[in-house]
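Using the sequences and the accompanying hints, generate a full structural model.
Here are the chains, one letter per residue:
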Amino acid sequence: MPVDTKRVRGPDESQSPLVFLPPTAQTCEVLRRPGDRGKGDVRPLFARCGLVSQAKGSAYIEAGNTKIMCSVYGPRETERKDDTDMKSGRLVCDVRLAPFSCQKRGAWIQGSEERDLSLALSESMQPGVCLHRYPRSQIEVNVMVLENDGGVLAHAVTCASMALADAGIEMYDVVLGCALRQDGDSCLVDPDFSEERGSWQAGYGENQGRVTVALLPNFNQVSGLHADGEMREDTLTAAVRTCMDGCHKLYPVVQQAILRAVKRKAPPPEK
Amino acid sequence: MATVQVSEAEKVYVMHGVRDDLRVDGRGCEDYRHMEIETDVVSNTDGSAKVSLGHTDILVGIKAEIGKPRPMVPDEGYLEFFVDCSANATPEFEGRGGEELGVELSNTLYKVFNNRHSLDLRSLCICPGEHCWVLYVDVLLLQCDGNLFDAMSIAIKAALFNTRIPKVHISEDEEGVKEIELSDDPYDCMRLNVENVPCIVTLCKIAHRHVVDATLQEKACSVASLLISVTHKGMVTCVRKLGRGSLDPDSIFEMTETGKRVGKALHAPLMELLQKEESLGKKRQKVGFLA
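From first to last, the protein sequence lines stand for chains A and B.
Be aware that the first sequence starts at 1, since it is given in my numbering, and climbs by one per residue.
Be aware that the second sequence starts at 1001, since it is given in my numbering, and climbs by one per residue.
Everything labelled a hint here was simulated from the structure, so no lab data went into it.
Among the hints, erroneous ones may be present.
As the list claims (entries may be wrong) - Subject to a maximum C-alpha distance of 35 Å in a straight line, what follows is the list of computed DSBU-like cross-link-like pairs (lysine-lysine): (1) A:Lys104 x B:Lys1068; (2) B:Lys1178 x A:Lys6; (3) B:Lys1260 x A:Lys249; (4) B:Lys1276 x B:Lys1286; (5) B:Lys1233 x A:Lys39; (6) A:Lys6 x B:Lys1068; (7) A:Lys104 x B:Lys1063; (8) B:Lys1233 x A:Lys87; (9) B:Lys1063 x A:Lys39.
Right, dumping it as structure tokens:
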């Protein structure tokens, strides 16, 4: 095809103008958080079970602007017959980020970030589910991130365990997730997207990192731990402890939402 | 992933051994298997290394290409990781069988290097906002016998140490058109500072203890392991719980401490070895793949 060399063609790839802001405008002030939320506080959580009527169980979570929905199908006959371990069931987790969920538009096909999240979710959920009760079958957990405003993995874990509970899948305990961002000596619990990413300049400082913990609150067992960045060992240990405290703060909300769903499905007998 | 069948009796045997700090192959709980490292094994790469840890064999090749810096960070180059699980290692990897594991490994590598200190990415910049070096780190699994993560990270560190990037400089004519000029001397190269490149230590929880560098047999006895990447200063750059089990918070803290100690101790001998190998220069007898 002949190319019109006189015409100035647009660039192949376009970028958001926000990217080209001077660095000073990008730095977010971490000293104060919006509202009267302290550094150790989690965002107020909205959690409801049962929004997808077709699914066996489903849940919706909103924390700040992070919005996640999850539906659970199964147990049904496993697709992969070649699996050697037929004595216990399979937990198939699939995390999708909606194309419009992040600042930059994503593709519909599953990218490596989503695959990574799916694997992380699966590893965090498995210890909580009594998979030996479902031999030769698989349970499908589908998570859709509608809006990404930080702490996606942590809230996906909480949302998935609510949906599993709503589906009546036997579990040892609910699994709760909490994220944290370490910025020097201070840490921000349940960061939003700009806090989570931090400013690029701060990345050259020491003790910068992100930690996500999944916790079984009644057993006090950590079922998932993911951290990156660069931290001292003592900082990491403290961060894991802070995350565990954050998980415990979420527990009453999740418990209440599950209780509400159970009461609706099986109303208590009227006196 | 390559797996072995382990009977209940064998599991009990392994567990009891670990309890008494004696493993099936005679190692203690914090010992690595015999390790062999050779750098500069593939001539077409800018840097390469082959590491064998027990029967795990890993080959890493690094190629440097000129690319465009990411718009968010115009003054830095970047690394791309790709892990290929060869069907040579196990027939399960045939076709797309190894893809899942390959993606898991490469995603972990991105996390391990997701900080500003591991590698000075600013040294990879040629012209801010326009050109930078992109290092393509390709990892090939030749044989799997457990502990892929550790072997892979050591191979990457060795390959990065071996990497030589040709020196270029930018010339500008009167009209402001920039041109990249490659140095005429093929030995005029830039080296990377690999001092801060972390190594991964994977700790397998077996009964009430944890072991370093688990074989496939030992891995089959454990339900959860913890991956920690540690720099020579003892900074932790990535932590990840692997496997389908959960861990007690106290044992996580114990494991991070062990991981830090073992990882920190790994760097000094590794660097010494790499420097010694390099000092031999051309006289060095090449071993290759039939070691």
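Verify the proposed pairing of Lys104 of chain A with Lys1068 of chain B, using a straight-line Cα cut of 35 Å. Roughly 19 Å separates the two Cα atoms, so the pair holds.
Would the pair Lys1233 of chain B and Lys39 of chain A pass a check requiring their Cα atoms to be no farther apart than 35 Å? holds, 29 Å
Hint consistency between Lys1178 of chain B and Lys6 of chain A [alpha-carbon to alpha-carbon, up to 35 Å]: Within the cut-off at roughly 22 Å; holds.
Is Lys6 of chain A within 35 Å of Lys1068 of chain B, Cα to Cα? holds, 25 Å
35 Å limit on alpha-carbon distance, applied to hinted pair Lys1063 of chain B and Lys39 of chain A: Judged against 35 Å, a Cα distance of about 43 Å means the pair is violated.
Please work out if Lys1233 of chain B and Lys87 of chain A have their alpha carbons no farther apart than 35 Å. violated, 45 Å
Against the 35 Å threshold, does the CA-CA distance of Lys104 of chain A and Lys1063 of chain B hold or violate the hint? Answer holds: Lys104 of chain A to Lys1063 of chain B is near 29 Å, not above 35 Å.
Would the hint linking Lys1276 of chain B and Lys1286 of chain B be met if the CA-CA limit is 35 Å? holds, 14 Å
Is the Cα-Cα distance between Lys1260 of chain B and Lys249 of chain A 35 Å or less? Distance of about 30 Å is within 35 Å: holds.
When each numbered hint is compared with the structure, violations occur for hints 8, 9.
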